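J.: Could you build the full structure based on these sequences and the hints that come with them?
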Amino acid sequence: KNEVEQSPQNLTAQEGEFITINCSYSVGISALHWLQQHPGGGIVSLFMLSSGKKKHGRLIATINIQEKHSSLHITASHPRDSAVYICAVNTGTASKLTFGTGTRLQVTL
Amino acid sequence: NAGVMQNPRHLVRRRGQEARLRCSPVKGHSHVYWYRQLPEEGLKFMVYLQKENIIDESGMPKERFSAEFPKEGPSILRIQQVVRGDSAAYFCASSPSNRPNYGYTFGSGTRLTVV
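Residue numbers (our numbering), protein chains in the order written: chain D, 1 to 109; chain V, 1 to 115.
Hints listed in this document are in silico derivations from the structure and should not be mistaken for laboratory results. Just to be clear, a hint being listed does not mean it is correct.
As the list claims (entries may be wrong) - Taking lysine to aspartate or glutamate and the DMTMM-like style, the derived pairs with C-alpha atoms no more than 25 Å apart in a straight line are:
| # | chain 1 | residue 1 | chain 2 | residue 2 |
| --- | --- | --- | --- | --- |
| 1 | V | K44 | V | D86 |
| 2 | D | K68 | D | E5 |
| 3 | V | K44 | V | E57 |
| 4 | D | K54 | D | E3 |
| 5 | V | K27 | V | E57 |
| 6 | D | K68 | V | E41 |
| 7 | D | K53 | D | E3 |
| 8 | V | K44 | D | E5 |
| 9 | V | K71 | V | E18 |
| 10 | V | K44 | D | E3 |
| 11 | V | K27 | V | D56 |
| 12 | V | K62 | D | E3 |
Just so we're clear, the structure is a prediction, and the values are computed from it rather than from any experiment.
T.: Below you can see the structure in the form of structure tokens.
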């Protein structure tokens with residue numbers, strides 16, 4: 001079993017829909033990260049969380065440390081949001097990242 | 001302020017050749033991480049370096065792979081005698097600290113194809 005599990009693996013939404021991507025982890029962590037990867041492109045860091053909730057534009061990330069669960073929400077989705085969203089954690093005090101397998105999001109008109 | 005620069009973006013090598021992947025971290029960042037993304041798989045940690053030192057190489061294959069981060073110049077990931085299974089995207093990330101709450105900046109990756 002992977003230390004970091006994401007769901008769903010694939011997600012198709014229509015423009016304007018509210019989207020939720022989930023991440024569960026099975027180990028103690030010091031931080032959780034949400035990353036975005038466009039096809040053939042680089043990786044962009046969206047959020048880093050150790051508790052609570054963060055918001056940036058139409059993106060919201062939450063984490064529940066007790067339940068070992070995080071969610072990434074996208075409000076008013078747009079085709080340019082189409083990308084792979086990756087959850088990653090720092091396990092224990094490690095500075096290296098352990099990654100989920102990603103959620104492939106496609107937003108259509 | 002340039003981000004993490006990786007080059008080349010695409011690299012094609014024949015089986016048995018050597019591949020050299022370069023990563024220039026964000027200016028002022030002394031911590032560099034290399035990750036590999038195999039086709040249709042998630043990212044996996046390979047090695048963590050701080051200037052002139054390898055801190056954690058637990059994700060590096062035992063043979064043919066090496067990494068360095070010299071005092072001057074970029075970090076280099078070197079793969080000797082490449083095989084088809086080495087075909088992947090290799091990403092570098094840098095950070096100003098080894099503390100997770102400082103975050104990471106990722107490069108655009110080098111896509112290695114072994115033919």
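J.: Decide, hint by hint, whether the structure agrees.
T.: Do the hints match the structure? See the list:
| no. | hint | verdict |
| --- | --- | --- |
| 1 | K44/V x D86/V | 13 Å, holds |
| 2 | K68/D x E5/D | 11 Å, holds |
| 3 | K44/V x E57/V | 12 Å, holds |
| 4 | K54/D x E3/D | 23 Å, holds |
| 5 | K27/V x E57/V | 23 Å, holds |
| 6 | K68/D x E41/V | 23 Å, holds |
| 7 | K53/D x E3/D | 22 Å, holds |
| 8 | K44/V x E5/D | 14 Å, holds |
| 9 | K71/V x E18/V | 23 Å, holds |
| 10 | K44/V x E3/D | 12 Å, holds |
| 11 | K27/V x D56/V | 22 Å, holds |
| 12 | K62/V x E3/D | 23 Å, holds |
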